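Engineer: Each chain, letter by letter, is given below.
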Amino acid sequence: MAQNGALMGFVHRRRRGAELFLLVLALLVGIGAYAAVGIGVEGTIPADIVGYGGWLAVLIIAAHVVVRMVAPYADPVLLPVVAALNGLGLAVIHRLDLAYEADDKAHGFAQQQLIWMTLGVVLFIVTLIGLRDHRVLQRFTYTSGLSAIVLLLLPLLPGIGTTINGARIWIHLGPFSFQPGEVAKVLLVIAFAGYLVLHRDALALAGRRVVFVDLPRGRDLGPILGMWLVSLGILVFESDLGSSLLFFGLFLVALYVSTERPGWLVLGGGLFLVGALAAYKLVSHVAIRVDVWLNPLHYYDDKFGAKSFQPVEGMFGMGWGGLIGRGFGGGSPERVPYANSDFIMSSIGEELGLTAVIAVILCYGLIVERALRAALVCRDGFGKLMATGLGAVFALQVFVVIGGVTSLIPLTGLTTPFLSYGGSSLVANWVIIALLLRISDQARRPIPDLSAPDDTAADSEQTQVVKAVRSES
Amino acid sequence: MNKPIRTISLFCLLLFLALMVNATYLQYYKAGDLNNDPRNRRVIEASYSRERGAILVGRDPVAESVKSDDQYKFQRTYAQPFKYAPITGYFSYYSQTGIEQKQNDVLSGDDSLLFVTKLVDLLSNNASKGGSVQLTINPDAQTAAYDGLTALGADVQGAVVAIEPSTGKILALASTPSYDPNKLASHDLTQVSQDYNRLNQDPREPLQDRAIQTILPPGSTFKLVTAAAALESGNFNPDSQVPGGTTLDLPQTTHDLHNENGSSCGGDRITLTQALDVSCNVTFGWLGLQLGDDKLRDQAEKFGFGQHYLDDLSPQAISRFPDGDVSPPNTALSAIGQYDVAATPLQMALISAGIANGGTVMKPYLVDEVQSPELDVLNKTEPSEFSQAISSSTARDLTTMMESVVQNGTGTAAQIPGIPVAGKTGTAQSTPDRPPYAWFTSFAPADDPQVAVAVLVQSSSTARSEIAGGLLCAPIAKAVMEAVINQ
Numbered sequence: 028m029a030q031n032g033a034l035m036g037f038v039h040r041r042r043r044g045a046e047l048f049l050l051v052l053a054l055l056v057g058i059g060a061y062a063a064v065g066i067g068v069e070g071t072i073p074a075d076i077v078g079y080g081g082w083l084a085v086l087i088i089a090a091h092v093v094v095r096m097v098a099p100y101a102d103p104v105l106l107p108v109v110a111a112l113n114g115l116g117l118a119v120i121h122r123l124d125l126a127y128e129a130d131d132k133a134h135g136f137a138q139q140q141l142i143w144m145t146l147g148v149v150l151f152i153v154t155l156i157g158l159r160d161h162r163v164l165q166r167f168t169y170t171s172g173l174s175a176i177v178l179l180l181l182p183l184l185p186g187i188g189t190t191i192n193g194a195r196i197w198i199h200l201g202p203f204s205f206q207p208g209e210v211a212k213v214l215l216v217i218a219f220a221g222y223l224v225l226h227r228d229a230l231a232l233a234g235r236r237v238v239f240v241d242l243p244r245g246r247d248l249g250p251i252l253g254m255w256l257v258s259l260g261i262l263v264f265e266s267d268l269g270s271s272l273l274f275f276g277l278f279l280v281a282l283y284v285s286t287e288r289p290g291w292l293v294l295g296g297g298l299f300l301v302g303a304l305a306a307y308k309l310v311s312h313v314a315i316r317v318d319v320w321l322n323p324l325h326y327y328d329d330k331f332g333a334k335s336f337q338p339v340e341g342m343f344g345m346g347w348g349g350l351i352g353r354g355f356g357g358g359s360p361e362r363v364p365y366a367n368s369d370f371i372m373s374s375i376g377e378e379l380g381l382t383a384v385i386a387v388i389l390c391y392g393l394i395v396e397r398a399l400r401a402a403l404v405c406r407d408g409f410g411k412l413m414a415t416g417l418g419a420v421f422a423l424q425v426f427v428v429i430g431g432v433t434s435l436i437p438l439t440g441l442t443t444p445f446l447s448y449g450g451s452s453l454v455a456n457w458v459i460i461a462l463l464l465r466i467s468d469q470a471r472r473p474i475p476d477l478s479a480p481d482d483t484a485a486d487s488e489q490t491q492v493v494k495a496v497r498s499e500s
Numbered sequence: 002m003n004k005p006i007r008t009i010s011l012f013c014l015l016l017f018l019a020l021m022v023n024a025t026y027l028q029y030y031k032a033g034d035l036n037n038d039p040r041n042r043r044v045i046e047a048s049y050s051r052e053r054g055a056i057l058v059g060r061d062p063v064a065e066s067v068k069s070d071d072q073y074k075f076q077r078t079y080a081q082p083f084k085y086a087p088i089t090g091y092f093s094y095y096s097q098t099g100i101e102q103k104q105n106d107v108l109s110g111d112d113s114l115l116f117v118t119k120l121v122d123l124l125s126n127n128a129s130k131g132g133s134v135q136l137t138i139n140p141d142a143q144t145a146a147y148d149g150l151t152a153l154g155a156d157v158q159g160a161v162v163a164i165e166p167s168t169g170k171i172l173a174l175a176s177t178p179s180y181d182p183n184k185l186a187s188h189d190l191t192q193v194s195q196d197y198n199r200l201n202q203d204p205r206e207p208l209q210d211r212a213i214q215t216i217l218p219p220g221s222t223f224k225l226v227t228a229a230a231a232l233e234s235g236n237f238n239p240d241s242q243v244p245g246g247t248t249l250d251l252p253q254t255t256h257d258l259h260n261e262n263g264s265s266c267g268g269d270r271i272t273l274t275q276a277l278d279v280s281c282n283v284t285f286g287w288l289g290l291q292l293g294d295d296k297l298r299d300q301a302e303k304f305g306f307g308q309h310y311l312d313d314l315s316p317q318a319i320s321r322f323p324d325g326d327v328s329p330p331n332t333a334l335s336a337i338g339q340y341d342v343a344a345t346p347l348q349m350a351l352i353s354a355g356i357a358n359g360g361t362v363m364k365p366y367l368v369d370e371v372q373s374p375e376l377d378v379l380n381k382t383e384p385s386e387f388s389q390a391i392s393s394s395t396a397r398d399l400t401t402m403m404e405s406v407v408q409n410g411t412g413t414a415a416q417i418p419g420i421p422v423a424g425k426t427g428t429a430q431s432t433p434d435r436p437p438y439a440w441f442t443s444f445a446p447a448d449d450p451q452v453a454v455a456v457l458v459q460s461s462s463t464a465r466s467e468i469a470g471g472l473l474c475a476p477i478a479k480a481v482m483e484a485v486i487n488q
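Keeping their order, the protein sequence lines are chains A and B. Residues 28 to 500, numbered by the numbering used here, are exactly what the first sequence covers, in order. Residues 2 to 488, numbered by the numbering used here, are exactly what the second sequence covers, in order.
Hints are supplied without guarantee of correctness; some may be wrong.
The calculated lysine-lysine pairs, modelled on DSSO-like cross-linking and capped at a C-alpha distance of 30 angstroms, are [to be verified]: (1) B:31 / B:68; (2) B:119 / B:68; (3) B:31 / B:103; (4) B:103 / B:381; (5) B:103 / B:119; (6) B:74 / A:132; (7) A:334 / B:31; (8) A:132 / B:68; (9) B:103 / B:68; (10) B:381 / B:296; (11) B:184 / A:132; (12) B:364 / B:103.
No lab work stands behind these hints: they were computed from the structure. Note that the structure is predicted; figures quoted are calculated from it, not measured.
Start from the sequences, fold in the hints, and give me the full structure.
Structural biologist: Right under this line is the structure:
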């Protein structure tokens, strides 16, 4: 109770005004970048700047108003950072559209992306309004896990699954295409969090000690291990290296945080090395990726099949951009295949320079930091695990994709959150942000004052929750 | 669960730090390497799109960039393409040659000389423009050289180099057959590739700059070097009596050295001046044997053989005097510019220029000034001495002897009324089934040299019997010298 009292003494401020101010800055980034693209490429401010800017503003302000109404204590930094990234991404995609247009190639991706962003914001709002307490999601632990596996299986089905760029991670339904892995990512976080929060004691305490690691009992670890192995197996069949790495990292982080045993990290790290080595030795396309990564300039030439054309063109672009970049319209980011999706960071590096690359990385860092901060202050284990899981997935994804584009690690195809062209990723990430805002709102919300009805102390443990929910509705 | 969450935060921090460090490495430390990679088309495209500075001859640009409204903002154009191609080179999407390549930093605006200009452009938000390069070329001399070569026929393979003896300025540098650099600078890249392949496979080698890239036996023009070595040895003067006759018995062989047409040089004993007048092989072969190959090589190297002395164009072929122990018969052959001796037209012009300049060879150069886009002079090339090849008295004696060649000997076709001309002809044998190479090197006025010229005709449609330095080359040299003197 003493601890509770200390907590009650500190009340988080709502800081919605700060959020609004930051959102105006974020809009300046998005709309300013759009105008800069027009000036840089076509020499004039785009004619539709008012309509475009207005629409962007409407989306952002709508999101803000909903946060103000249903999650007043939510973290004030997350939404503006996301808005800035999304706006910048739209501008860069628009810039590439103009280049593709000049080359008589397919374009109009920015318009598509704006529609996806609209859908993303709508789902963000729906999530925030529909989900008043994140703990409700704990009920869907197994449902989430099962849905994730089903979603991951879909691309393997003949008829709707398609292979793009060697990875079979897409489904096509009529005119719509979708990457189910992006949604599975969120569902798996929920499933892991839900399962581990229930079984963390058993996992941490029961079991035998082998060498340095306390191995849990099979029946405690079994279900989640199975869930994870199935996901991993599917991804291996789909040749989706990036997502495999992501899910492995997520599994490790969730296990480590819930059991508080660093041994899991050691064991996982070891397993990862063994797995990576095995994949390098056994799977030919992994070996190619690693060779290309170790010696990209060598494989750039046609006589070696131009295997590293994409990463090397990206590196050339980023080198060409230098510290401050060539300016919108000053580079040729369209030379890099898939410049508007997987390789959007190289476009940013080329035309906006190292400065913008660092800024973008810092923005991602902020998102992760805010997610983990929500996890720290969160009062329930499920919320903690979920926020940590979402933050870790986000961090890993950013690391894998930007590290791949800048040749820090071998290249694996993943989208750059909020920047890359791609509907599934954008929508899923907006939902992730909604979930994080919901958790941080719950975490920062003041604990209902329970000191007055001190005489009913016997019931307080039970009424506490009821009161908390009621006071808001 | 907060402790592991903090550990995870730390881990994420490390991940992001790694990303930032790596991005900095890539875009800052490694950027230079990446930009210098010849396969990096961005850099090429950017320079291709930029407004390059002009290459100027006199007041007129021979290469300049004009606005273009296709995918690249500027188009490189060459006003007198064939005449100046060996100098300007070409500026294509795929590669550059000539001044376009050598002065690329200035022309593209990347040179540190243009730093201030670039800074002003950056601050005023203007697209930066490259600086201009002013050449030493005299347009009239260049025209005379090019027209003289092409007058010999459409498929003549030849070259002309003219130098100002007192400075080393290259006044003319022509090579035929030439090509049209406009075609290689075109924005139609498919067409460019086709044109390049056609030029590259042409057996007449139009892309070759014969003035500096072709080394061939200089024939009798090399006798100037032998004569210089003889005079420098102190054992001979222009009036020394030397063997003439019809044949020279080559030691260690059963062969004899004959004169060009098999006849006598005008007596068994003639003066050195007479020997040069008629280009007497017997005399100079004998001189070679007297002097030995080391003295000849020394003299040749002082004139520039075996050395690199042209920085403004590349690649420069290195002229050659046979190295190592040369057997006496071959030394005799070397002394008359045969056997393994090989020289570029530039080298032969440099010999005349050195004699004309009192024995001091000036380092030849082609870039006179580097100018900012506003035509302010940023850098002016100062003439520099390359070597002291011969003493001034030897230079005086050689000048008199060379005047005699034009006055009384094989070089009469180079005579200019009212102006003393010094010269030397050459006709070099290659293989029996090929026509010989015709050479001529000269300078004028002999008493106040303003220009030294070397002319090479490697092959032409002229009948074999007509091929001789005096007949084919001297008139061209004369025209070039007149163009410079009459200004």
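Engineer: Check each numbered hint from earlier against the structure, then list the numbers of those it violates in ascending order.
Structural biologist: 1 and 10
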